[in-house]
Each structure stands twice: as C-alpha cells, then as structure tokens.
Amino acid sequence: MRARGTQKTPDAGSRGLCGRAWLAWAAALLILAGCAQYGTLDPGPNPAKVRVLLNLNEDRSRFDQFDDVLPYTRWDWGLYIVQDGKMTALRTAGGQSLKAILGYRLVQDVVFLVPPGQWRLRLLVEGYVGLREGRYYRPVDVAYVQQDFEVNLAPGQEITLRPSAGPRG
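With the first letter of the sequence shown counted as 1, position 10 gets the number 10 in our numbering; the numbers rise by one all the way through.
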C-alpha cells in the first residue's frame, strides 16, 4: 500500500505503450500529409498552366416555396485529364480547395498544372442543395457542368478556359 500523497512512477511497459501510441499518431499524420495530393497527376518539371474562370449561378426553379431546402448551395468541382477511359485530377498551382464550397454563386479563378502534350481535359462542376425528405436531407443538383477541352500544350504555356454553364441533363 502506498502512502498518501505519493505517486506511482510509470513502469517501462506503460511508457512503451504511450510511446507507441504517439508514434502511431505521428505516422498517421505523415500518411495523411503524403496523401494530400493523392490521385492527382504529377505535372512534371515545366508544366503548362491552365487557368479556369468560373462564374456560375444555381437554379432553384424546380423548388417551390413549400419545399424544405437548405439555404446554401454546396459546390464541388475540378479539372481532370481523360486518358484510357479514366479521369485523373489535376493539381492546382495554389493548393485551393475545390470541394464543399458554400455559396449561392460559384466564382473561381484557379490555375491548374498540366504536363505538356496533347490531352483531353474535362471540367466537372456540380452545385447541389439538401432537400428534406422525412428526417434527412438528400442532395439535389441545382447546377452542373461537364465540358471537355482538347488541348495541345507546350512546356510553360499558359491558356485560359471559360466554360459555358448548362442545366443537368
């Protein structure tokens, strides 16, 4: 039995457990940091720069005053290379977030880094709101753009894309 006011010193086993827990936490952070650009195409040493200018509005015309719709629109978008039936996301030059942007309107001016060469680029933009059904909200599109661009880019070249908006089909 210990005397009152004395503390038990941790044994080697508990110190090892804390050290392993800290090490696991640090390893998880390193993995997450390494995955920050996971799934994006490496643009190489002298990439072309593709500037995308967006100015899109939502279309809530199919909702009436009695629909229980969340008051904001959530926007997700990106620029992709389409190759062999697969889409690979392109990196932004400034590290901007392209997902879960809240607002009634999407106004963006973002530069993407693209490897030189001939490519088909696909721009995907989706704006959606939550429509209440019972206790839950389901996403409903209020804006959608899918547009392809055929480009042939030289190293260091800069181009600008201004996509046209269209309703979801």
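These are computed hints drawn from the structure, not numbers from a lab. The beta carbon of each residue, even a glycine, is placed where N, CA and C say it ideally should be. Check before you lean on any hint, since a few could be wrong.
Unchecked claim - Here are the in silico distance ranges between beta carbons for each label pair:
id	residue 1	residue 2	range
1	94	55	16 to 24 Å
2	151	68	37 to 45 Å
3	46	71	25 to 33 Å
4	69	155	20 to 28 Å
5	62	155	22 to 30 Å
6	62	151	13 to 21 Å
Evaluation of the provided hints:
{"no.": "1", "hint": "94 / 55: 16 to 24 Å", "result": "19 Å, holds"}
{"no.": "2", "hint": "151 / 68: 37 to 45 Å", "result": "43 Å, holds"}
{"no.": "3", "hint": "46 / 71: 25 to 33 Å", "result": "45 Å, violated"}
{"no.": "4", "hint": "69 / 155: 20 to 28 Å", "result": "47 Å, violated"}
{"no.": "5", "hint": "62 / 155: 22 to 30 Å", "result": "46 Å, violated"}
{"no.": "6", "hint": "62 / 151: 13 to 21 Å", "result": "35 Å, violated"}
Violated hints, listed in ascending order, are 3, 4, 5 and 6; each of the other numbered hints is respected by the structure.
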